[in-house]
Amino acid sequence: MADLNIKIKNLELKNPVLTASGTFGYGEEFEDFIDINKLGGIIVKGTTLEPRQGNPYPRMAETASGMLNAVGLQNKGVDVFINDIYPKIKKYNTNVIVNVSGSNIKEYVKTAEKINHLDKIPAIELNISCPNVKQGGMAFGTNAKSAAEVTKAVREVYKKTLIVKLSPNVTDITEIAKAVEAEGADSVSLINTLLGMAVDVNTQRPLLSTVTGGLSGPCVKPVALRMVWQVFNAVKIPVIGLGGIMNANDAIEFILAGATAIQIGTANFIDPQISIKIIKGIEKYLSERNISSINDLIGGLKMESA
Amino acid sequence: MTTKKQIQDFIVLNNKKINSDYFELELKAPVKLPEIFPAQFIEIHIENAKDTFLRRPISIHDIDYDKNTITLLIQIKGEGTKTLSKIEKDASLNIIYPLGNSFSIPDKKEKVLLVGGGCGSAPLLFLAKYLFNKNIIPYILIGGKSENDILKIENFGEYGNVFITTEDGSLGFKGIVTEHPLLKKEVEKHNISKIYTCGPEPMMKAIAKIANKNNIACEASLENMMACGIGACLCCVVETTSGNQRVCCDGPVFDVKNLKGWE
Ligand SMILES: Cc1cc2nc3c(=O)[nH]c(=O)nc-3n(C[C@H](O)[C@H](O)[C@H](O)COP(=O)(O)OP(=O)(O)OC[C@H]3O[C@@H](n4cnc5c(N)ncnc54)[C@H](O)[C@@H]3O)c2cc1C
Ligand SMILES: Cc1cc2nc3c(=O)[nH]c(=O)nc-3n(C[C@H](O)[C@H](O)[C@H](O)COP(=O)(O)O)c2cc1C
Ligand code: FES
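Protein chains in written order, with our numbering: chain A, 24 to 329; chain B, 8 to 270.
Don't take every hint at face value.
[Claimed, not checked] SDA-like cross-link-like pairs, simulated, lysine to any residue; straight-line CA separation at most 25 Å:
{"#": "1", "chain 1": "B", "residue 1": "Lys93", "chain 2": "A", "residue 2": "Ser88"}
{"#": "2", "chain 1": "B", "residue 1": "Lys39", "chain 2": "A", "residue 2": "Ile293"}
{"#": "3", "chain 1": "A", "residue 1": "Lys129", "chain 2": "A", "residue 2": "Glu179"}
{"#": "4", "chain 1": "A", "residue 1": "Lys111", "chain 2": "B", "residue 2": "Lys93"}
[What the hints assert, rightly or not] So the derived list for chain A, only partly shown, Cβ under 7 Å to chain B, looks like this:
{"#": "5", "residue": "Glu52"}
{"#": "6", "residue": "Ser88"}
{"#": "7", "residue": "Val94"}
{"#": "8", "residue": "Gln97"}
These aren't lab readings, by the way, just hints derived from the structure by calculation. A quick note: this is a predicted structure, and the numbers were derived from the prediction, not measured. We treat Cβ as the ideally placed atom computed from N, Cα and C, and that holds for glycine.
Use the sequences and the hints to build the structure in full.
Have a look at this one:
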């Protein structure tokens with residue numbers, strides 16, 4: 024059987040499949056469908072210092088091969104996470120990673136500091152790329168200087184594995200990736216959602232309460248793949264790839280393009296068992312080709328003409 | 008109702024056209040069905056429907072434990088439901104079920120009223136049958152734009168006292184449900200202890216208003232847009248007195264007193 028173990032700095036994953044923030048609740052929602060412990064890890068919903076109500080309904084619109092969302096980081100705040108949610112999910116025998124967000128650097132730092140004390144949380148994913156909040160969020164991730172500043176400030180207080188999640192809504196994503204790498208990020212994950220919009224021609228109104236929202240699903244895959252490839256070639260730290268992964272072949276495309284690990288997002292809504300199916304599919308792919316370790320596949324895209 | 012959620016392929020036993028807008032699907036489960044309660048729903052994966060990416064939430068309309076089947080009552084709205092309306096016998100459909108909470112059932116004999124219209128009749132007929140089996144004979148007020156929206160009246164008639172309204176007057180009382188004399192007669196005289204409603208939101212809100220004004224308990228089953236249906240995405244929320252709640256798993260049934268903007 025092929026070896027699926029990978030490492031991202033000090034973070035050890037039994038396989039490269041994680042579930043994406045905001046699409047997998049706190050894991051509990053999927054317990055009826057899969058054994059969470061079989062995943063490489065789960066990344067829980069974006070967590071902020073204070074509780075947030077999120078945006079008004081409607082927050083979702085279906086699009087051709089995907090969806091727009093404008094959830095806007097609804098969460099109960101880091102203290103409720105620590106006191107009520109963490110005790111329930113720390114039992115998982117997999118990596119539980121917290122997606123951290125904020126409106127200003129102080130909020131990011133305070134939230135990261137609090138999570139640093141939790142034994143069973145081996146890493147955080149810094150969300151500097153949420154398009155659905157008015158302040159902060161994506162603003163940090165679309166400018167190399169502010170992306171560097173927030174990474175630097177969090178790095179000072181957060182001692183475990185620090186992943187920074189990048190926004191695709193930029194001219195040159197490699198510039199942001201290099202900036203956060205220089206300030207001590209252990210890994211970058213990409214992509215967050217692409218800013219989009221949809222209109223109801225009958226009512227002549229936007230379909231989302233916020234007018235614009237984040238596009239995800241298979242329609243974003245080619246863009247995500249291109250960005251993973253560009254960032255893989257620009258930085259030395261491991262890249263985590265996501266955006267529209269629906270099956271094992273999609274996952275392998277990202278790994279060939281340079282992703283050390285991948286995340287499953289919107290696909291969880293269509294098939295709550297897809298993450299486990301993708302792990303099996305990757306294993307099968309490796310076995311059929313006599314590749315002994317997943318590490319031999321990472322960035323293995325063949326460029327010479329056949 | 009913490010029944011374990013399942014994902015399975017069901018087989019189409021019957022696809023029956025009711026009229027140009029509505030059809031009924033009878034689906035056979037691959038394993039023994041768990042107990043299912045009125046207002047619970049399923050998420051169907053519809054293959055080969057243009058631009059239909061997400062699953063579609065549909066209420067459970069009827070359940071036959073002997074045959075091990077569930078029945079759905081569906082209104083053709085867009086591509087997803089249109090494709091589903093053409094599905095052939097013996098085809099398979101991938102389904103996540105049972106989802107959501109349910110209407111609360113009175114434990115003693117009470118006079119209750121069911122108000123609905125269009126595809127809102129789907130969970131209400133299940134509720135009427137459920138109440139009838141508990142010896143509670145409900146009043147049932149069904150409304151719609153026209154005759155076409157008034158579905159399965161004979162079945163409703165088996166379980167309760169049925170009243171009909173249509174906006175164009177093609178069947179029953181001419182007007183909207185909230186104008187029906189039954190409300191004046193029974194609700195305002197406090198002969199009813201509880202109202203259950205499912206249908207278009209403006210109708211449910213108007214009913215909630217009448218219930219609140221007369222201090223009668225009222226439960227509404229909401230149909231917000233859903234992405235996951237299992238509580239993970241926070242897309243389907245409704246504003247309540249205790250913050251945003253998920254219609255797919257904290258609902259679909261809510262006490263209207265707890266809904267913001269329904270006062
Ligand atoms: C809990 C729940 C139970 C439901 N039960 C039933 C039922 O028993 N029978 C039935 O016919 N319908 C039911 N619906 C509504 C049904 O889900 C939608 O009509 C269906 O998703 C439309 O899909 P479509 O692809 O045909 O239309 P689309 O092309 O997706 O949309 C056509 C129109 O339908 C509306 N619509 C789309 N999705 C939804 C949705 N999730 N909820 C409400 N409106 C929507 C949109 O406003 C749009 O304008 C239920 C919805 C929910 C949330
Ligand atoms: C409903 C929804 C909620 C999301 N919430 C978050 C979030 O809280 N934090 C975050 O970093 N990304 C969030 N995302 C983005 C996803 O994690 C992911 O980056 C994006 O959807 C692209 O991947 P996909 O196409 O596989 O879904 C959310 C996405 C969706 C669809
Ligand atoms: S539809 Fe995803 S939480 Fe309700």
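Checked hints:
This hinted pair checks out: B/Lys93 and A/Ser88 have alpha carbons roughly 22 Å apart, not beyond 25 Å. Using a Cα cut-off of 25 Å, the hinted pair B/Lys39 and A/Ile293 holds, with the two alpha carbons roughly 24 Å apart. Of the pairs offered as hints, the one joining A/Lys129 and A/Glu179 holds, with about 12 Å between alpha carbons and a cut-off of 25 Å not exceeded. Between the alpha carbons of A/Lys111 and B/Lys93 the distance comes to roughly 45 Å, so the proposed pair goes past 25 Å and is violated.
The interface hint given for A/Glu52 holds, since its Cβ lies 4 Å from the closest Cβ of chain B, which is under the 7 Å cut-off. Given hint, A/Ser88 at the interface with chain B, holds; its Cβ is 6 Å from that chain's nearest Cβ, closer than 7 Å. Evaluation of the A/Val94 hint against chain B yields a held restraint, the C-beta minimum of about 5 Å falling below 7 Å. Interface hint status for A/Gln97: upheld, as the beta-carbon distance to the closest one in chain B is roughly 5 Å, under 7 Å.
Hint 4 alone, counting from the list given before, is not met by this structure.
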